[in-house]
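Listed below are the residues making up each chain.
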Amino acid sequence: DAGVIQSPRHEVTEMGQEVTLRCKPISGHDYLFWYRQTMMRGLELLIYFNNNVPIDDSGMPEDRFSAKMPNASFSTLKIQPSEPRDSAVYFCASSLSGAILNEQFFGPGTRLTVL
Amino acid sequence: GDSVTQMEGPVTLSEEACLTINCTYTATGYPSLFWYVQYPGEGLQLLLKATKADDKGSNKGFEATYRKETTSFHLEKGSVQVSDSAVYFCALRRTGNQFYFGTGTSLTVIP
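Residue numbers (the numbering used here), protein chains in the order written: chain W, 172 to 286; chain E, 188 to 298.
These are calculated hints, taken from the structure and not from any lab test. Here a beta-carbon is modelled for each residue, glycine too, at the ideal position from N, C-alpha and C. Among these hints, one or two may not hold up.
As the list claims (entries may be wrong) - Quick partial rundown of chain E residues pointing at chain W, CB under 8 Å, derived from the structure:
#	residue
1	Y226
2	G230
3	L231
4	L235
5	F249
6	T258
7	E263
8	F276
9	N284
10	T290
11	G291
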């Protein structure tokens, strides 16, 4: 398996622009997580899905952030409009319920820079 | 609520030195405990895990023992290498698939 795939790996944009981050989970996994990592706040859970349904979005910082999972093999995290303080590395992870320990598998991350 | 507290870094060690990164947790019940490692420019990878009290997880020379009495899961390695330079995250999972991660501890090993 190719693992969790994220695109783009790097994104540089200007303040006010819309940004869309993409994630393809491991085939067969039924949980998908979006995290944000910054030096100041560490690793933060933004939102997670189970069977394509959002379960907990309490970590989404504000209405500028939205996430969708239209099918089991694709999810997006959108920021509109983007701000410099959104600059961070965004990780997607997936896991399989029922598996021993439900280990989370992480993608390589998208490094977002908002100028 | 559930949480994980791990020692702050950064930690800098010479090659072949001993490593301990402290991790304590707060949770009801009996969570599963994990250490994840993040190498530069990469996502997190599972390093080791333990599911119940007194379990010892081990991998790549690293070990951690699930201590229920002290609610701890300290990461140890007897002799670190330059290639161990990374950020280490302690995490717990109580029920469901949601993990709670610590803030991460950066380790740099110098030759």
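Here's how the hints hold up against the structure:
Because the smallest distance between the Cβ of Y226 (chain E) and any Cβ of chain W comes to about 11 Å, over 8 Å, the interface hint for this residue is violated. Of the supplied interface hints, the one on G230 (chain E) holds, with its beta-carbon coming within about 3 Å of a beta-carbon of chain W, less than 8 Å. A cut of 8 Å between beta carbons decides the hint on L231 (chain E): the least distance to chain W is about 4 Å, and the hint holds. With 8 Å as the threshold, the beta carbon of L235 (chain E) stays out of range of chain W, its nearest partner Cβ sitting at about 11 Å, so the hint is violated.
A cut of 8 Å between beta carbons decides the hint on F249 (chain E): the least distance to chain W is about 16 Å, and the hint is violated. Interface hint at T258 (chain E): violated, since its Cβ lies 19 Å from the closest Cβ of chain W, which is beyond the 8 Å cut-off. Nearest Cβ of chain W to the Cβ of E263 (chain E): about 21 Å, over the 8 Å cut. The hint is violated. Interface restraint check for F276 (chain E): the shortest CB-CB distance to chain W comes to about 7 Å, inside 8 Å, so the restraint holds.
Interface hint at N284 (chain E): satisfied, since its Cβ lies 4 Å from the closest Cβ of chain W, which is below the 8 Å cut-off. For T290 (chain E), the shortest C-beta to C-beta distance to chain W is roughly 4 Å, which falls under 8 Å, so the interface hint holds. Because the closest C-beta pair between G291 (chain E) and chain W is about 6 Å apart, less than 8 Å, the hint holds.
Of the numbered hints given earlier, the model fails hints 1, 4, 5, 6, 7; all others are met.
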